[in-house]
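So the chains spell out like this:
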Amino acid sequence: MQTAAPTRAMKRRIRLNKLKTFFSKPQNLILLILGIVLTVTTVAPIIAIAKDTISIHPGTIDANITGKTEGYTFANYVDLFTSRTAKSNLWTPLLNTVLLSTISCVVSIIFGGVFAFLVTRTNLKFRKYLSSIFIFPYIMPQWTLAVVWKNLFYSNAVTHSADGLLASVFHITMPAWWCQGLFPSAMVLGLHYAPFAYILIGGIFRNMDANLEEAATILDTPRWKTMFRITLPMIKPAILSTVLLVFGSAMGSYPVPHYLNFQTLSTKYISLNSSRTGEASILAIIMMVFGVAILLANQLTLKSRKSYTTVTGKSGQISRFNLGKTGKYVIGAIFIVITFFTSIYPIISFAFETFLPNPGDYSFLYTGNVQNLTTKWWITAENVTENGMYGQQGMLYNKTIWHAYGGTLLVSVACALTAGTIGTLIGYAVSKNRRNKWANYVNNIAFLPYLMPSIAVGVAFFILFSNKYVNLFNTYWLLIIVGTVKYIPFASRASLNSMLQLSGEIEEAAIIQDIPWFKRMFRIIVPIQKSSIISGFMLPFMTCLRELSLFLLLCTQGYILSTTLDYFDEMGLYAFSSGINLILIVTILIFNTVVNKVTGASLDEGIGG
Amino acid sequence: MKKIIAMALALVMVLALVGCNGAAPAANNAQDSAVKQVIKEAQGMTLEELCKKAIEESNGATFYGVGNSSRGKSALPLFIEYLQTIDPNYTLNFEWQQPKNNKIFDQLTADSLKDKGTFAVTLIQDGNQIESKMVKTGILDTFIPLDWANANGVKADEYNGYLPLQTLNKVFEYNCTGSKTFTNCWDFVAEGEHGLFMDVDSEIVGKNFLYMLTQEKYAGYLKEAFDKLPADKQAYFKPVIESLEADAKDLGLGANGAYALAWIKLWVENYMAVEDDGPICNTLVSASATDQFGLLVYSKLRSVEESDTVSKNNIKVAAYQDGFEGIGGYGYCHYMFVPDNSPLPWTACAFIAFITCTVDGFSAWGKDMGGYSSNPTVAAGTEEKYGHSKGGMNEAGEVEFECKNDRGYDWWVNNGKLVIEDPAYCASVAFTVGSWIEMLTKYKPE
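Protein chains in written order, with the working numbering: chain C, 1 to 609; chain X, 610 to 1055.
Do not take every clue at face value.
What the hints assert, rightly or not - Subject to a maximum C-alpha distance of 30 Å in a straight line, what follows is the list of computed DSSO-like cross-link-like pairs (lysine-lysine): (1) K925(X) / K468(C); (2) K925(X) / K376(C); (3) K68(C) / K723(X).
Hints listed in this document are in silico derivations from the structure and should not be mistaken for laboratory results. It should be emphasised that the depicted structure is a prediction, and the values quoted were computed from it without experimental measurement.
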């Protein structure tokens, strides 16, 4: 007995000491707290939406089938999967969604990858300009390219609408498959996400030691073999990362397929929601399952992946392929033309649209008559007289637009700060405990919302926060919470990648000197990795500025610019939507430039030029 | 150990948070009866009396409204001005929300879970969903103003329907820069025709239009129009009608049900979906949209500005043309309701009375063509004030834009054979005719 008591006390003390030691490391505390918080913010919406799939909703199909107005039922599952409408409500949209996501990935990887190769590995001319301009489609709201596509290619003969620019000016009519459906949707999304591929693949190309390729050349290996056996395998991780990012994003895109008349799970969710609410929630769950599946597939690839080290201790060199004296100019010029249509033309088109007398009325182009231009969309200061503006004031005086602009800035700044901070902490903590399972779990649970389609995440949070106790619909709080959860991966990935590059010795030296954690972070770690960390703040900010799918169901128009823009676009008031687009683009460019000047960080940093 | 503790904590938090969702609206009984009692009392009051009650209740408060029409935002300042004529010191802050994508129903449902709601009043469309999701569930209450009841010759406490603020019409219009004409409503579903129309899944009132066609009265209109078609055109439609007779029987439709189903089938399988009526209007008034037609909100014509290639004279309203046979469009209502947990029920009732019983109150909607007050007195006053029947005439009294001479509600219902939405009927066929419609394959250009 005498020996047992001290042993128990000792054990308790040991446990206590272990606990003290455990929590004395800030990374452990961070992982524990954020692990719990992120589990709640990620899993609770999923449970809420899962519950919604079996709930009975008055006035919808489940109530009609069961004859009840409340309670639970599996009728939604049975009806969605087995009824006569299963093909139109589930299987066709599902197939379309998979096709759209896959082709978008292919387009973005080919376009972004080829461009990355040309910019980093060849003597292409105009690299600096092209590198900056290439990321514009990502800066712009994704459906603006869809609207530009419509304005360019629609025609009375094919789409039964007024003639677009190509038909009216050049009398060229494009076929239906070009104008609407899978092809234009995939092209628009592919172009929109090509900057992802460019940044990720370009990063590897830039750091890749050319010795391997040169060795192959010395061994007289054919060019194609070198490309497929050496170059492509080296960029495989970047391609996988692009697939990871683009597939989930394309799957959750609502506005692009909506504008280009293509039925996907996202558009079907919206159309089913009124009469088949529970079935719509099942569609959201299916989209989420895809997100989880992509994450798991990526994990498997990571496990089986061979070594793809691109940066070694040996001196490396980047050899540039010679495109030839003419080739470097010709290819550069081709890309200038392509990027003109993907990046510059939309901006010119938006600006021009704000001076047309009626939406889509290009009379000026046909006649040259300046009477067919107007400044009313900008300077009309009242909405009493009927000015052909559907009761709206001009943009300079339109309180709805400027209120929404303020709201967008508020949400974007708040999301960037919270997501950026949380993401940076996760990156830091995970890098410190990189072999720890809990750290891996936190890392994955933080990344999961990004892979879940935006519209599904929006739906889940709407359901979660529409109850008797917490009703956050149409509040900035809800947008900030959802935006933060969704954009943490931007920051966590940027932070983790940069923290992993950082040798532990640097911080250990400071620990030995008994320098507190805050000081170590702000005086050592953050300054060293400031570029990546700032990217982790900038990406959520820029993405949030023009996010629609995520916020579509969470607030009304007039709260933020993207929903206001979508409202005006749907109303056919293209002058307003184009004007808002310009405001957004200018805002993003200003912020990007300011951050670039102050910190030296930018989206395409280090790749081009 | 730490992982187990963390997981357990997380699970508890998750379940607690999700558990919040389970609360049913049943806890609102006390508040429900309070709002209903206010409504009962308010239905016997004049506008003046209601306004005094509103001033007592809401002076200095914030009034939240939610609606399918953005015009509530324009009407509220007029209402406040009116209250200030009674009490110059009266003030009221307000916020008007206009959710999209059918979210208004989710928003009102979520708000109904609270003891005291956020929204004082709502202006809402889609009789089908109102009936099944809002009224049967007790979320919204109908208030009938005394003056409105008197003007319509009904007794407020005996009136069974909802209170419509106005009826809006969507009418068939076609581009007339070519030679094509549309003289019968079956011409809109003839071979090779692809009318522009808001997708029925985007705007649910469009689906209600299709439901309403199956009601015997409107199916009868279609049969009459069919009988007046020339034989060659009848020959095209006849097999489709005959093939749907069994379906009409299965769906429990009346004698002319197959005509309705045939028209619906041909329409759904051929219309060209457009996001909104605005773009449809912009397309049709363009010179390049030769021979195109659409079914769109009539009032969109108000905002077309004349230019070298765009003109209101590039389109014609089908029903206005001599000899046109059959339905000329459809009408749906904007209804006014007081949420059962309205935080300001007296003010909501006064606001509803103001916009349904005075020309000034209705002016936010009445100033434009294509919206018809449900109050005959207000409708007459609005016509007198704004002269929509002569909206297309110039100052010399000559017709400048024929399509803008709005012939008014009575003409549209009696001569234009407008299909009017009936909420109860729509709700009753939503999952019979509705499911049948969902089986149809929508048009895609080839």
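For each hint, the structure was consulted:
1. At roughly 51 Å between alpha-carbon atoms, K925(X) and K468(C) are farther apart than 30 Å, so this suggested pair is violated.
2. For the proposed pair K925(X) and K376(C), the alpha carbon gap of about 27 Å is at most 30 Å, so the pair holds.
3. The suggested pairing of K68(C) with K723(X) holds, with an alpha-carbon distance near 23 Å, which does not exceed 30 Å.
The structure shown violates just one earlier hint, number 1.
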